[in-house]
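Same order as they appear, the protein sequences are chains A and B. Quick note, the first sequence lines up with residues 1 to 251 if you use the UniProt record's numbering. Quick note, the second sequence lines up with residues 1 to 251 if you use the UniProt record's numbering.
Fair warning: there could be bad hints in the mix.
The list cannot tell twin chains apart, which means a pair is met if one copy fits it or any two copies do.
[As the list claims (entries may be wrong)] Restricting the straight-line Cα-Cα distance to at most 27 Å, the calculated cross-link-like pairs of lysine-lysine (BS3-like) are:
#: 1; residue 1: LYS209; residue 2: LYS238
#: 2; residue 1: LYS118; residue 2: LYS85
#: 3; residue 1: LYS183; residue 2: LYS238
#: 4; residue 1: LYS105; residue 2: LYS209
#: 5; residue 1: LYS170; residue 2: LYS238
#: 6; residue 1: LYS209; residue 2: LYS118
#: 7; residue 1: LYS238; residue 2: LYS85
#: 8; residue 1: LYS85; residue 2: LYS170
#: 9; residue 1: LYS209; residue 2: LYS85
#: 10; residue 1: LYS209; residue 2: LYS183
The hints are simulated quantities; they were obtained by calculation from the structure and are not laboratory data.
There are 2 protein chains.
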Amino acid sequence: MKEFASAARDGLSPSQLEMVLREIGAARYHNLHPFHHQMVSGALTRTQMQAWALNRYCYQSVIPRKDSMILARAEDPAFRAEWRKRIEDHDGSDGWNGGIARWLKLATGLGLDAEMVKSERLALPATRFAVGAYLSFCTNRSPLEAVASSLTELFSPVIIGERVPAMLAKYDYVSEDILAYFKPRPGQASRDADFALAYVMEHATTPEKQQAVIDALVFKCDVLWAMLDALDYAYGGKGHIPPGAFNPEEG
Amino acid sequence: MKEFASAARDGLSPSQLEMVLREIGAARYHNLHPFHHQMVSGALTRTQMQAWALNRYCYQSVIPRKDSMILARAEDPAFRAEWRKRIEDHDGSDGWNGGIARWLKLATGLGLDAEMVKSERLALPATRFAVGAYLSFCTNRSPLEAVASSLTELFSPVIIGERVPAMLAKYDYVSEDILAYFKPRPGQASRDADFALAYVMEHATTPEKQQAVIDALVFKCDVLWAMLDALDYAYGGKGHIPPGAFNPEEG
Numbered sequence: 001m002k003e004f005a006s007a008a009r010d011g012l013s014p015s016q017l018e019m020v021l022r023e024i025g026a027a028r029y030h031n032l033h034p035f036h037h038q039m040v041s042g043a044l045t046r047t048q049m050q051a052w053a054l055n056r057y058c059y060q061s062v063i064p065r066k067d068s069m070i071l072a073r074a075e076d077p078a079f080r081a082e083w084r085k086r087i088e089d090h091d092g093s094d095g096w097n098g099g100i101a102r103w104l105k106l107a108t109g110l111g112l113d114a115e116m117v118k119s120e121r122l123a124l125p126a127t128r129f130a131v132g133a134y135l136s137f138c139t140n141r142s143p144l145e146a147v148a149s150s151l152t153e154l155f156s157p158v159i160i161g162e163r164v165p166a167m168l169a170k171y172d173y174v175s176e177d178i179l180a181y182f183k184p185r186p187g188q189a190s191r192d193a194d195f196a197l198a199y200v201m202e203h204a205t206t207p208e209k210q211q212a213v214i215d216a217l218v219f220k221c222d223v224l225w226a227m228l229d230a231l232d233y234a235y236g237g238k239g240h241i242p243p244g245a246f247n248p249e250e251g
Numbered sequence: 001m002k003e004f005a006s007a008a009r010d011g012l013s014p015s016q017l018e019m020v021l022r023e024i025g026a027a028r029y030h031n032l033h034p035f036h037h038q039m040v041s042g043a044l045t046r047t048q049m050q051a052w053a054l055n056r057y058c059y060q061s062v063i064p065r066k067d068s069m070i071l072a073r074a075e076d077p078a079f080r081a082e083w084r085k086r087i088e089d090h091d092g093s094d095g096w097n098g099g100i101a102r103w104l105k106l107a108t109g110l111g112l113d114a115e116m117v118k119s120e121r122l123a124l125p126a127t128r129f130a131v132g133a134y135l136s137f138c139t140n141r142s143p144l145e146a147v148a149s150s151l152t153e154l155f156s157p158v159i160i161g162e163r164v165p166a167m168l169a170k171y172d173y174v175s176e177d178i179l180a181y182f183k184p185r186p187g188q189a190s191r192d193a194d195f196a197l198a199y200v201m202e203h204a205t206t207p208e209k210q211q212a213v214i215d216a217l218v219f220k221c222d223v224l225w226a227m228l229d230a231l232d233y234a235y236g237g238k239g240h241i242p243p244g245a246f247n248p249e250e251g
């Protein structure tokens, strides 16, 4: 946070603010994490890949809840109509034909039991704490900060562009079919990030608000990073799986 | 959680419930964590010891807030009068002559800057998320669950009894003086844990409430465990310190 902490002291133009936000992504987005590097290099074990899908499900499943919280706090119908698309993307028309269902298909395609994944009870506690922090953030911080915390989507087309070809090329048990989640995501994420970025550039009109926006994006990068830290520690082969978490060895 | 998940299905006597709670401690308390083993064996680097004190400060500093939340939700004046002692222990008479101040003394005694520690800005995000989850738990769950989540204090005299002699014997830069935090803690923790255990045994009168109490203690063990997971991953020597966190190499 140090390097961005004073960026907004004297106030930034909208395009300067955008530049700072993009620098945060370039320095802190989780495509820089060693776990992601291992994934795209083909080095993950099947257990690591399963643990990733299982834990990431907790994140996916909370996205429409944090977006509903943002909706609930938004007073502008036009904003709500736009933001609502995010919920529709993840929940689909019946709850189980959108992004969450497609993530579940990835998890089951990797050999996990659907009910176990949906129960989230074998996820790492650290995943739950990080995801809970994200939901709390969108509940308790200003709507501007909540919107800004979504801006990691500026960078998600890049990580998906690295992840999908590598998963198909490097892991023989991964098929295009189970990666259906990722197909619409770059388009959706670009649409959503463009809207959120324009909103932030329009509404972060004081140095204090600009700093809050910067801190919100740093916070969100920390959430994603901490999830991979926990995965790497638990499943990196040293036997550091915490008590009660997913452990295929225990059957 | 598996092994305790069905313990309360048919209802437990108060003493059976106590036995289950003690079993959770025997299986999941953080004296079993590899980071604690390294600490008592003398294997921690000075950076690891500093990182532990710095991150643990975030936990210490939230304790009186989570206890205040429990106080705010308690309707019985006698309960509040008893529970209030916990806040007094940590805040002291003026905010800076109780347990938090003594923890700060430990941190500065290990060479850290007091203002940096108090700002919490170099703590691991995972620490913040775990501590935040604890505060949220005491805010959002039932008062019975909030009380039950404090029951890790049943086990804290044991870990302090392992930690203090080992820190003095194995690390030449650790003096009795900087360990002042721990001197009153076993007595305070025993008094507090006895009260909380009696409360839980009296009020967890249905299988559902007993299960909630069990889950609350498991949750709290997960909080403490996840904090050591994050420390071990970040400062275990492999260079996994997340962006923005305490890093003495960066000066």
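Against the structure, the hints come out as follows:
In this homomeric assembly, LYS209 and LYS238 never come within 27 Å of each other (Cα to Cα): the closest approach is 43 Å inside a single copy and 37 Å across copies. Taking CA atoms no more than 27 Å apart as the test, LYS118 paired with LYS85 passes inside one copy only; the shortest distance there is 23 Å, against 41 Å between copies. In this assembly of identical chains, LYS183 and LYS238 lie within 27 Å of each other by CA distance neither inside one copy nor across copies; the values are 34 Å within and 35 Å between. Taking the shortest Cα distances, LYS105 and LYS209 never come within 27 Å of each other, neither inside one copy (40 Å) nor across copies (35 Å).
Taking the shortest Cα distances, LYS170 and LYS238 sit within 27 Å of each other both inside one copy (23 Å) and across copies (25 Å). In the homo-oligomer, the alpha carbons of LYS209 and LYS118 lie at most 27 Å apart only across protomers (24 Å), although the nearest pairing inside one protomer, at 37 Å, exceeds that limit. For a Cα distance limit of 27 Å, the shortest separation of LYS238 from LYS85 qualifies neither inside one copy, at 42 Å, nor across copies, at 42 Å. Taking identical chains as interchangeable, the C-alpha atoms of LYS85 and LYS170 are never at most 27 Å apart, the minima being 34 Å within one chain and 58 Å between chains.
Only within a single protomer do LYS209 and LYS85 lie at most 27 Å apart by alpha-carbon distance; the minimum there is 26 Å, versus 40 Å between protomers. For a Cα distance limit of 27 Å, the shortest separation of LYS209 from LYS183 qualifies neither inside one copy, at 35 Å, nor across copies, at 45 Å.
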